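All chains, please: the whole structure from these sequences, using the hints.
Single-letter residue listing:
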Amino acid sequence: MQLEIDKLSKAYGEKLAQDGFTYSFHPGVSAILGPNGAGKTTLMNLITDCTKRQGGEIRYDGTDILKLGKEFRQRLGFMPQSQGMYEQMTAQDFLAYMAEIKGLKKKTAAAQIRELLSVVNLEKAAHQKVGSFSGGMRQRVLLAQAMLGSPEVLLLDEPTAGLDPEERIRLRGYIEKLAADRIVLITTHITSDVETIADEILLMNHGKLLFAAKRGEFISGCGAASLEDAYIKRLHAL
Amino acid sequence: MREGRRVLLAPKVWGLLALLLAFNLVLAVTQDWRTGAYYDEYQSALRACQALSTEEAMESVETELSAFQALSLLEWYESEEDPELKEHLRQQLEDSFGVDFERRIRESAGSEDEERGAIRMEVLQTLQEQLQYIRDYPDYLLQVQDNAEMMKTWEIFNKEGGFSSRNIEKTAADFPTSVELRLDNDYAVTDLVTDTVGSYSLLVFTLFLTLQFLIERKRGLWSLIHGAPEGRGRLAYKRGAILLLGVVIGTLVLLGGKLLFVALRSGGLGSLTRNVQSTMVFSDFPWVMPVWVFLIGFFLLKILGMWLVGMAVWAILQSVNHLPLALCAAGIALAGEYALFRFIPDSYTIAIFRYVNLFALVDVTSIALHYLNLNLFGWPVQGFLLSIGLIPPVLALLFGANVLLTAREKPVSRQNSLLALADRIRVPFSRFVSRLRLFGMELYKILWLQKGVLIVLLAAAFSFGFLEMQPPDEELYDTELSWISASMAGPITEQTLE
Numbered sequence: 001m002q003l004e005i006d007k008l009s010k011a012y013g014e015k016l017a018q019d020g021f022t023y024s025f026h027p028g029v030s031a032i033l034g035p036n037g038a039g040k041t042t043l044m045n046l047i048t049d050c051t052k053r054q055g056g057e058i059r060y061d062g063t064d065i066l067k068l069g070k071e072f073r074q075r076l077g078f079m080p081q082s083q084g085m086y087e088q089m090t091a092q093d094f095l096a097y098m099a100e101i102k103g104l105k106k107k108t109a110a111a112q113i114r115e116l117l118s119v120v121n122l123e124k125a126a127h128q129k130v131g132s133f134s135g136g137m138r139q140r141v142l143l144a145q146a147m148l149g150s151p152e153v154l155l156l157d158e159p160t161a162g163l164d165p166e167e168r169i170r171l172r173g174y175i176e177k178l179a180a181d182r183i184v185l186i187t188t189h190i191t192s193d194v195e196t197i198a199d200e201i202l203l204m205n206h207g208k209l210l211f212a213a214k215r216g217e218f219i220s221g222c223g224a225a226s227l228e229d230a231y232i233k234r235l236h237a238l
Numbered sequence: 239m240r241e242g243r244r245v246l247l248a249p250k251v252w253g254l255l256a257l258l259l260a261f262n263l264v265l266a267v268t269q270d271w272r273t274g275a276y277y278d279e280y281q282s283a284l285r286a287c288q289a290l291s292t293e294e295a296m297e298s299v300e301t302e303l304s305a306f307q308a309l310s311l312l313e314w315y316e317s318e319e320d321p322e323l324k325e326h327l328r329q330q331l332e333d334s335f336g337v338d339f340e341r342r343i344r345e346s347a348g349s350e351d352e353e354r355g356a357i358r359m360e361v362l363q364t365l366q367e368q369l370q371y372i373r374d375y376p377d378y379l380l381q382v383q384d385n386a387e388m389m390k391t392w393e394i395f396n397k398e399g400g401f402s403s404r405n406i407e408k409t410a411a412d413f414p415t416s417v418e419l420r421l422d423n424d425y426a427v428t429d430l431v432t433d434t435v436g437s438y439s440l441l442v443f444t445l446f447l448t449l450q451f452l453i454e455r456k457r458g459l460w461s462l463i464h465g466a467p468e469g470r471g472r473l474a475y476k477r478g479a480i481l482l483l484g485v486v487i488g489t490l491v492l493l494g495g496k497l498l499f500v501a502l503r504s505g506g507l508g509s510l511t512r513n514v515q516s517t518m519v520f521s522d523f524p525w526v527m528p529v530w531v532f533l534i535g536f537f538l539l540k541i542l543g544m545w546l547v548g549m550a551v552w553a554i555l556q557s558v559n560h561l562p563l564a565l566c567a568a569g570i571a572l573a574g575e576y577a578l579f580r581f582i583p584d585s586y587t588i589a590i591f592r593y594v595n596l597f598a599l600v601d602v603t604s605i606a607l608h609y610l611n612l613n614l615f616g617w618p619v620q621g622f623l624l625s626i627g628l629i630p631p632v633l634a635l636l637f638g639a640n641v642l643l644t645a646r647e648k649p650v651s652r653q654n655s656l657l658a659l660a661d662r663i664r665v666p667f668s669r670f671v672s673r674l675r676l677f678g679m680e681l682y683k684i685l686w687l688q689k690g691v692l693i694v695l696l697a698a699a700f701s702f703g704f705l706e707m708q709p710p711d712e713e714l715y716d717t718e719l720s721w722i723s724a725s726m727a728g729p730i731t732e733q734t735l736e
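So the protein lines, in turn, are chains U and L. Residue numbers for the first sequence follow my numbering, so the first one is 1 and each next one is one higher. Residue numbers for the second sequence follow my numbering, so the first one is 239 and each next one is one higher.
Misleading hints may appear alongside valid ones.
Label pairs and their in silico Cβ distance ranges [said to hold, decoys possible]:
id	chain 1	residue 1	chain 2	residue 2	range
1	U	Lys-214	L	Val-671	30 to 38 Å
2	L	Val-671	U	Glu-87	38 to 46 Å
3	L	Ala-571	U	Lys-177	27 to 35 Å
4	L	Leu-685	U	Asp-6	50 to 58 Å
5	L	Ile-534	U	Lys-177	57 to 65 Å
6	L	Phe-677	U	Glu-87	27 to 35 Å
7	L	Ile-570	U	Ser-134	50 to 58 Å
8	U	Glu-87	L	Gly-569	55 to 63 Å
9	U	Arg-114	L	Val-671	26 to 34 Å
10	U	Ser-134	L	Phe-670	36 to 44 Å
Keep in mind the hints are simulated off the structure, nothing from the lab. Fair warning: this is a prediction, and the values are worked out from it, not measured in the lab. All C-beta atoms in this analysis are idealised placements derived from N, C-alpha and C, irrespective of residue type, glycine included.
What follows is the structure, given as structure tokens:
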């Protein structure tokens, strides 16, 4: 199981959102840190084929994801940054809808939905409309839908954005529980969200990969006391 | 199918459908001056006429109508205070009905009350019109043939291989030489084919359904759905089918519902086996078919036509990434189509754009009931057939286009050049807005930001359209006309000339 990004490039007008990004992801949690506008979300959009790349390749187990097409998307779980949902649907209905869009059979979908609602602690709220949910509850629903179909690659774009500290801790717990044996990419600019759960840290800015290392090396390698400290030090050094 | 449930079971979709139906039914009642009593009287008179031949029915109706007109004259005579005029009227009445004119006129007019009498007169006038049409229609058909023969002798029309000569021959061939007609209750069928409010209500419903497919863009769901395995081509197929099902429901509820309502109100649909040409509004319709065949064809055409319109609008909306811009593009396209449909006269060379037009499918009966051959490279092609003939290939094209657009259009794309232009225009506009005081700012928020200007435009369009639609006060018109006809009856004298 390997997701390779090879000299990826993407520009919006004159602004380079991806400038030759190259890296290989393996099973485990990879955190992609960077300031706002670094290109983290663009990277996510390119992997999910929600935007067109202008150069480079993205390969899954050696094959370009565009050639794999639907086959790759079946192995992909995506939690976007926006909390977009059909407001009139209940949590259960929304998950069932996403399960159908992901091509899951009814029985399989029903079983997975029950399990995932339990994992993200939304069993009691399953029949409430998502329009009435708090930000944290909406993120949990989105996390649950990302997990439908037991994806091999899980992309979480700023999963804790806008959440209070308690909700962030809770969500971190869910991610840790669900991350086993899959490639998990988390983009964030909040270092504390990934400090305990990330296996490796990548630092991005201006569309470029500036630095990548295991969590321990990322922090200790620059003499920092914490991930946040290391992030600031490395960002300004590079 | 979850997407089907999301779109077709949405409360707002059914709410809109109910609102449109209620609006159409309210209009049907308020715009129809005829009461239940009228329709009862009509049914009774119709049955009496149906038992007679056309000529016999015509004679019976005209005799009774004359009696009503005479009654008006008698009432005038009785109330007239000018002795000279009264004497003149008395002479007229004696000449027409004999010395015993008072008794004879009251006997033949019956002893109904005034209101009942007025209703009866209206009914008789309607039946007279219907019977005259049935009596004269065979002559009309013969005239079509005679005109063709006559025009063939004119040099300007008989150029071999020219459009004119082909058109003359085709027209003569298209129209039947004779049709069996039957007098019956035409109200419901006439209302169905002449009602434009119902057709445009169905258009509103179809467009609303189409917009439901774009909610994912508004709600930030597009990336999620586009990134899913079945969120592209397969979803587009489903949506095409959902749109068709929605249009079927809309057509049956709005048009079928109104047809049923008018039929219940007016006493039924009449015999469904009578040829459509029995109804006046079908005088220019060349295909002879029973009413039931026409109704099936009508509903099928409406469904397919509106499905095509929905698919076309969906394709436009999908092809522009930015949602507000997409809505503008669709609005401009529809406005352009409507302008071509509404304002191009049939005599123009570009009249083809009236028939190869989305609104030709929205208001399909207006082109179906108006026989016209278009000049297509020297060959006459009936406009209506051209419009409906294009439905299958265009539908197939649009279906394919929509599947492709759903699969290929990306949620995140480079900035549209139109948007860049809009950004440049926005700079001076923002400067102007920033100078507004509180009142101006509130107006700006309500009319522009919250799109209140659309409501204002819609209300204005409705008001102007409604003013145009106001029917004349027919009851008053016919009463006055009868009065004047009765007063002018008789020999022309110096006095009547005055």
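Tested hints:
At about 53 Å, the beta-carbon gap between Lys-214 (chain U) and Val-671 (chain L) misses the expected band of 30 to 38 Å. Separated by about 30 Å at the C-beta atoms, Val-671 (chain L) and Glu-87 (chain U) break the suggested range of 38 to 46 Å. Against the hinted window of 27 to 35 Å, the Cβ-Cβ separation of Ala-571 (chain L) and Lys-177 (chain U) comes to about 51 Å, which falls outside the hint. A beta carbon spacing of about 52 Å between Leu-685 (chain L) and Asp-6 (chain U) agrees with the range 50 to 58 Å that was offered as a hint.
Between Ile-534 (chain L) and Lys-177 (chain U), the C-beta spacing of about 60 Å keeps the proposed range 57 to 65 Å intact. For Phe-677 (chain L) and Glu-87 (chain U), the hinted distance range of 27 to 35 Å is satisfied, since their beta carbons lie about 34 Å from each other. For the pair Ile-570 (chain L) and Ser-134 (chain U), the supplied restraint of 50 to 58 Å is violated, since their beta-carbon distance comes to about 41 Å. Checked against the given bound of 55 to 63 Å, the beta carbons of Glu-87 (chain U) and Gly-569 (chain L), roughly 26 Å apart, lie outside it.
The hinted range of 26 to 34 Å is not satisfied by Arg-114 (chain U) and Val-671 (chain L), whose Cβ atoms lie roughly 52 Å apart. Between Ser-134 (chain U) and Phe-670 (chain L) the beta carbons are some 40 Å apart, a value that agrees with the proposed interval 36 to 44 Å.
Hint compliance for this structure: hints 1, 2, 3, 7, 8, 9 are broken, all remaining hints hold.
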